[in-house]
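A.B. asks: Heads up, the sequence shown is in UniProt numbering, so the first residue is 1 and it goes up one at a time.
Among these hints, one or two may not hold up.
Mimicking DSS-like on lysine-lysine, the simulated pairs with C-alpha atoms at most 30 Å apart in a straight line are [what the hints assert, rightly or not]: (1) K319 - K294; (2) K18 - K249; (3) K294 - K428; (4) K240 - K127; (5) K239 - K6.
Everything labelled a hint here was simulated from the structure, so no lab data went into it.
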Amino acid sequence: MENRKKYLLRNSLSEEYKLRIETIQNMVRPLLARTTNVNPTFTEHTLEHSLSVENLYGICFNETLSILNDDEKFLLIVATLVHDIGMVGNSRFIDDAGYGEKIRSSHNQRSGDFIDEFKRDLGLDMKEANAIKRIACSHRVVPLDSLDECEAYGQGGNIRIKLLSALIRLADELDFLEERAPYLVKEFLGISNESLIHHERHEVMTGINRYNNSINIKAVAYNHELENAINEMYEEILKKHLQVKQILKDNDINIDDIKINIDVSQVIKEELLIFMAQSDSVTEAMIYEHFSNKREERYVDDAISALQSRKYIIYEREKGVYIINRNINSFKELINLFIGSHLELEFTKSVYVNACLNEHFMIYVNENFGVLYDEGDKDDRIEVLTHFPTSLKYFMDERNTPYEFGNADRRVTLDYGLLHAFSIDVLKYPNELTEDTFYAVQSIERSLSENSLNFFKLMESMSKVKKKNN
């Protein structure tokens with residue numbers, strides 16, 4: 001990514017300044033490569049991040065090219081290069097309890113400590129190091145009002161520390177594209193669920209630009225969790241913008257708005273399906289009323305069209321209603337879509353799931369498990385299937401269907417799977433353990449007691465035959 005960036009601010013400087021910046025950049029590169037040595041699941045704070053922040057000055061704050069003097073440009077760029085260097089932990093304390101959080105919360109101040117200690121190595125004189133330290137430290141937390149508007153710098157010069165700090169603070173927040181959370185890093189490290197969403201939201205941030213007095217952001221949310229995570233990130237950006245807006249305006253950098261456009265087409269499709277799943281059928285008017293003041297009508301129209309084209313929903317023209325397709329393949333695809341999401345329980349308990357199970361259960365278990373249930377046994381299993389999402393996932397996953405048993409009755413494998421799934425979900429959804437579901441589970445357990453021994457004897461016999469034939 002580095003070679004695709006323009007670095008307009010740096011390129012507006014003299015060759016002497018550019019050479020000094022390049023020298024410092026090469027010196028801090030290996031240190032910045034270790035910014036996750038204490039917190040390995042954090043997003044990237046490498047040199048590439050620093051360079052991306054630098055590039056944003058020319059994209060989002062192009063006024064800086066003419067407004068800042070050369071001293072200010074140099075100080076801002078160097079501060080940007082080193083602003084996260086405090087994320088690197090000291091090997092003596094790396095195993096100490098709480099050290100990771102200490103590093104995270106104080107890394108801006110630790111970046112300042114680095115500049116103090118190594119200013120001579122970086123080729124900085126006292127006045128440069130002092131200014132760079134304050135700018136780098138102020139990329140977060142430090143009250144911007146504690147900084148001077150303008151101060152003397154060298155012989156006859158002046159610098160605007162508050163303005164430079166405001167620029168780095170907002171630009172740092174705006175570096176959110178995919179490079180901050182590389183896919184291979186996430187996959188190889190096995191990022192925890194708690195940290196995973198922070199990585200994934202960077203993967204779906206697809207663009208940023210400046211148009212007139214507005215910064216525009218583009219993102220794609222593939223599910224509800226990502227939409228929430230993106231909006232949380234956006235709220236943080238708006239907070240930073242509020243902190244710096246007047247400072248920028250006082251220096252003729254007018255950023256009136258920061259707008260975000262999130263493509264939520266997939267989320268709306270899921271919302272539409274889960275809404276329709278609660279009823280046998282819905283009218284177009286019911287759909288638009290449901291989404292009123294929640295989603296733009298044009299996006300709802302697009303969702304209806306897309307789901308119709310894929311045959312997930314069907315329009316019954318004679319009745320003037322939409323229904324969800326109940327064929328077995330559509331049912332399986334929707335199970336895969338919803339089970340494991342925040343909507344899994346709502347989907348599992350829906351009218352649609354109940355109707356599909358009552359329509360397909362007998363044929364499905366006969367074909368896949370060699371079972372002919374009576375109505376009571378069928379109802380017991382559907383009672384479990386319509387309250388515990390994992391049981392529904394297990395039931396419809398063909399990988400759980402026993403093979404090489406011919407037409408033998410395999411209800412034992414089905415029932416063990418249902419009870420195992422029940423045991424997974426019952427603590428996750430304790431309210432689903434009602435009197436009816438408890439009686440259904442008891443009935444399945446009794447069936448296992450009656451049928452397990454014969455089934456295991458059958459497996460033993462088949463195993464002996466197979467060994468003999470081999």
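A.B. asks: Each hint: holds or not?
C.D. replies: To see whether the hints hold, each was checked on the structure:
1. Note on K319 and K294: the hinted pairing holds, with a Cα-Cα distance of about 27 Å set against a maximum of 30 Å.
2. Proposed proximity of K18 and K249 is supported: the alpha carbons are some 28 Å apart, at most 30 Å.
3. Pair hint K294 plus K428 holds up; C-alpha atoms about 29 Å apart against a cutoff of 30 Å.
4. Restraint check: the Cα-Cα separation between K240 and K127 comes to about 28 Å, which is no more than 30 Å; the hinted pair holds.
5. Taking the CA atoms of K239 and K6, the gap is about 28 Å. The hint holds against a cut of 30 Å.
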